[in-house]
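Novice: As a plain string of letters, each chain reads:
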Amino acid sequence: MQGRNGPGAIAFHLIFVTFILAPLAVVILVSFTDKGYLAMPFDGASLRWWLAIADNPRFLHSFGFSLKLAFVAATLAALIAVPAAMAIVRFRFPGREGMMALLASPLMIPHVVLGVALLRFFSGLGMVGSFAALVAAHLVVVVPYMARLVTAALTGLDPRIERAAESLGAGRFTVFRRVTLPLILPGVAGGWTLAFITSFDELTVSLFLASPTDTPLPVRLFTYIDQMTDPLVASVSAALIAVTAIVLVVLDRFYPIDRLLTGERRA
Amino acid sequence: MSRSRFAPAALSAPALLTMGAVLLVPLVSVAVLSFRGFDFDKGILPVWSLANYAELANDGLFHEVMARTFRIATIVTVLCIAVGVPEAIIIHRMAPRWRGLMLLVVVGPLLVSVVVRTFGWMVLLGTNGLINQGLDWIGVPGTPFRLMYTELAIILGLVHVMVPLVVLAVWASLGRLDPALARAAESLGAGRVAVFRRVVLPNIMPGILAGALMVFCLSASAFATPQMLGGRRLKVAASMTYTEFLNTLNWPLGAAVAVLLLLAILAATLLWTGLVERRALRRLGVG
Amino acid sequence: MAAPGFPAGDFLVLDGVARHYGTVAAVRDVSVRVAQGEFLGLLGPSGCGKTTTLQMIAGFETPSAGTIRLEGRDLAAIPANRRNIGLVFQSYALFPHMTVAENVAFGLEMRRIPKPERTERVRRALDLVHLSHLAGRFPRQMSGGQQQRVALARALVIEPRLLLLDEPLSNLDAKLREEMQVELREVQKRVGVTTILVTHDQNEAMALCDRVAVMQAGSIVQIDEPWRAYDAPADAFVADFLGRSNRLPVRAAKGMAQVGGHAFALPEPLAQARGEITLAIRPERLRIRAAQEAGLPGRVHSRVFLGGFWLVRVDTAAGDMMVMVQNTGTPPAAEGEAVTLDWDPHSLRRMDAAAPEPIQGPIQAPVAAPARGAA
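Residue numbers (my numbering), protein chains in the order written: chain A, 187 to 453; chain B, 18 to 304; chain C, 1171 to 1545.
It should be emphasised that the hints constitute simulated quantities derived from the structure, not laboratory data. Check before you lean on any hint, since a few could be wrong.
[Unchecked claim] With a straight-line Cα cutoff of 20 Å, these simulated SDA-like cross-link-like pairs (lysine to any residue) come out:
no.	chain 1	residue 1	chain 2	residue 2
1	A	Lys221	B	Thr144
2	C	Lys1359	C	Asp1380
3	A	Lys254	A	Val321
4	C	Lys1285	B	Ala211
5	C	Lys1345	C	Gln1372
6	C	Lys1345	C	Gly1314
7	C	Lys1345	C	Phe1479
8	B	Lys59	A	Ser309
9	C	Lys1424	C	Arg1294
10	A	Lys221	B	Gln150
11	B	Lys59	A	Gly312
12	C	Lys1359	C	Lys1424
13	A	Lys254	A	Val314
14	A	Lys221	A	Tyr410
15	A	Lys221	B	Leu147
16	C	Lys1345	C	Arg1294
17	A	Lys221	B	Gly143
18	C	Lys1424	C	Asp1514
19	C	Lys1359	C	Glu1348
20	A	Lys221	A	Ile239
21	A	Lys221	A	Ala231
[To be verified] Now the in silico label distances, taken between C-beta atoms and shown as ranges:
no.	chain 1	residue 1	chain 2	residue 2	range
22	C	Pro1284	B	Gly208	16 to 22 Å
23	C	Pro1249	B	Leu292	37 to 43 Å
24	C	His1190	B	Arg116	18 to 24 Å
25	C	Val1194	A	Lys221	54 to 60 Å
26	A	Arg278	C	Lys1345	30 to 36 Å
27	B	Ala27	A	Gly315	33 to 39 Å
28	C	Arg1293	A	Glu283	37 to 43 Å
29	A	Gly310	B	Tyr70	20 to 26 Å
30	B	Thr160	A	Met414	21 to 27 Å
31	A	Asp412	B	Phe57	38 to 44 Å
32	B	Arg116	A	Asp400	38 to 44 Å
33	B	Leu292	A	Lys221	50 to 56 Å
All figures in this text were calculated on a predicted structure; none of them were measured in a lab. All C-beta atoms, glycine included, are put in the ideal place defined by N, C-alpha and C.
My request is simple: use the sequences and hints to build the entire structure.
Specialist: Shown next as structure tokens:
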């Protein structure tokens, strides 16, 4: 596109960025207050509410639980999405379109609907509150992201490279392990990361399935806010923002965020 | 790799089985549930009836909730397009060293939990929140305003949650645009406005439309933001479903609300892709 | 049509044009005069500054120094969309959302040409490139060659004062490229528009252009008619860029030269040379003789059949020599055979940096454009 940004465009951009960052900034500010209620730290700052996180084992437990849940869900998603993407990209078969639609469909289904459907399903199996039920639910939620990035990576891979390996005597599994997988690894790693973050942040579906003891962090936070809003929410939220920011900056070096989120090559 | 007829089936099987078991079966079972009866003492009744749908059809509260849901979704979509499209273009025009950073700043919040982002708005919009304090400080009469638990609060929060998606979609289609196109148009005598209106806009339109659809669907089905900023009184379809299931425990009725929400979103999607996107794609010579 | 007040050879004048990006100079110093109706090639390897030069003429890059004048008027203050310069891009840059006819009509629309005239001119432009039957197609439904012709019609329909072609044929396969070269040359002749072609393909430049300007590292090394530049390259770079060239390191004294035990007279322009010098000779100027004849002795290392020619590699005391032998029905000397190489001394060019004077006169000798029909 031609032209540079004029002063009007720069002003618009600054307002936009302010709008985007303001809610995150106030959360961080409030977390440093020394008051017992939500207040700015300008007339009294302390680390009181950050230290309070340590005194609140339920948040710490939820944090660890969410990490574990996200790790398992993202890994399982990779295990089922990579072969599925291979089938979609490398083969033409009846039902291929339907398969693609099925893998992408959880993106279009309201999470509340997924939540009630899975609550009904797992209550029938007596599994509500179990780790397995949460993993299965998160798996469904994150598979579309995984499938999209792996499909994009495979589409960008010249199939002749695989044929070359085959012609040199490699068996199918060897071709996959030695040639295909290393070449699509950035896509798989990107998909895994996005799946991990999505699962870690997931609230709505978990709300229907989580047990009161093993509660993912977003659910813990949501139900806590529902009862009361003290600066502990702010410090927990600020900690989450900080962790996400660090992950984001590191991640962007290896896998640019626009490619991560759109599955496309960078402009 | 393409010799075995069974290879695609074998490769697809794990995904198909998982998605079938944990997605399709539950969706069908919730659809079935919506036709069951309910009694506060006996729970779910094993009958077949349209009673839940009939109840919703005559329920003024439900109509209000659905109207609010789609009104909010429409406003949020329009705002996100109005703000997100120019922002994507502005970032795209920046010098490369600013571009990456600004994209990170604008799109990065997508990776922060919605609960955290919405909590930020609770702090901003509260009676003693930063916005009311600011208005009071510059001397606006009538402060504090009641900002929380209003549709305005829900809309603000949702625009904040959704607008990065539009920026991202438009950004991606700008990246696909051959920069030589704008130069070609200019060499043929087109000014800045004509270049944008006649060449850039038609080519990024699919990105804009896809972004709009995504924002509409996600806004119509949003739960956390409307629940946290709208409170118990301002219900939307998602929070109504939640209440029926977890508070009232009338699962069949909640299932009916869920089914209607899903159908409404599916209908909107089909309508949108059928009427609008196909026309835009045909303009690009692919439809 | 030439406006009065400037000579015919000064239709387009670049004077000391440079373009710097920070401390990097993409274009150092380009000066060239182009006659009306002339077809000039800007030829050079990638990164030599030829595309940047073209973009400056088109108005998409601003020169850091120097002036560009078209018909006597300085272009500096005129934005790209007011220059009336037709441009064909390497990627064609066809508008993907418009049909062929809409693409071609775009420039006319921008000029607010009324619909009936527009339709007529689009029809004529498409006729010119033999695409009238595909007017309703979208670009992506067309082959590369067809897209190329649409891009040409779109640039020509606005009746530009100048036509700029940026590697227009590089995305086509070899056979199509040759066909398009002929077509491009014909269309340019018929329309009579002054044209500048940017290319890295010396065959394309030589086939199409009245003159070629060979560029290296941001400057023009030589401007000449193609056959002259080929035959009398200004330096080793031009010699190698325009085709194959053999090197003969010789010891020169008193008008004679010696190499590998073979002595021969130096032609007139080189008669004054002394000491170790390097001469160059084109493969087609070398002749293969029987072993016992006078000349530079050697042994055939390999030979490659190219249809019209054989390309023979001969190992000699002066190094490997490539010889191009016309195919006359009998194969030339076989591999391993002893031969001698012989040449007309006038085919020799001096190539080392210490060349006392350029082989031909002043590099920028103004060359009148070949006579043409009314432009």
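Novice: Work down the list of hints and note, for each, if the structure agrees.
Specialist: Results of checking the hints against the structure:
no., hint, in the structure
1, Lys221(A) x Thr144(B), "holds, 17 Å"
2, Lys1359(C) x Asp1380(C), "holds, 11 Å"
3, Lys254(A) x Val321(A), "holds, 10 Å"
4, Lys1285(C) x Ala211(B), "holds, 18 Å"
5, Lys1345(C) x Gln1372(C), "holds, 16 Å"
6, Lys1345(C) x Gly1314(C), "holds, 12 Å"
7, Lys1345(C) x Phe1479(C), "holds, 19 Å"
8, Lys59(B) x Ser309(A), "holds, 17 Å"
9, Lys1424(C) x Arg1294(C), "violated, 65 Å"
10, Lys221(A) x Gln150(B), "holds, 17 Å"
11, Lys59(B) x Gly312(A), "holds, 19 Å"
12, Lys1359(C) x Lys1424(C), "violated, 50 Å"
13, Lys254(A) x Val314(A), "holds, 18 Å"
14, Lys221(A) x Tyr410(A), "holds, 19 Å"
15, Lys221(A) x Leu147(B), "holds, 16 Å"
16, Lys1345(C) x Arg1294(C), "violated, 27 Å"
17, Lys221(A) x Gly143(B), "holds, 16 Å"
18, Lys1424(C) x Asp1514(C), "holds, 19 Å"
19, Lys1359(C) x Glu1348(C), "holds, 17 Å"
20, Lys221(A) x Ile239(A), "holds, 16 Å"
21, Lys221(A) x Ala231(A), "holds, 8 Å"
22, Pro1284(C) x Gly208(B): 16 to 22 Å, "holds, 20 Å"
23, Pro1249(C) x Leu292(B): 37 to 43 Å, "holds, 39 Å"
24, His1190(C) x Arg116(B): 18 to 24 Å, "holds, 23 Å"
25, Val1194(C) x Lys221(A): 54 to 60 Å, "holds, 57 Å"
26, Arg278(A) x Lys1345(C): 30 to 36 Å, "holds, 32 Å"
27, Ala27(B) x Gly315(A): 33 to 39 Å, "holds, 34 Å"
28, Arg1293(C) x Glu283(A): 37 to 43 Å, "holds, 42 Å"
29, Gly310(A) x Tyr70(B): 20 to 26 Å, "holds, 23 Å"
30, Thr160(B) x Met414(A): 21 to 27 Å, "holds, 25 Å"
31, Asp412(A) x Phe57(B): 38 to 44 Å, "violated, 24 Å"
32, Arg116(B) x Asp400(A): 38 to 44 Å, "holds, 42 Å"
33, Leu292(B) x Lys221(A): 50 to 56 Å, "holds, 54 Å"
In terms of the numbered hints stated before, the structure departs from hints 9, 12, 16 and 31, listed from lowest to highest.
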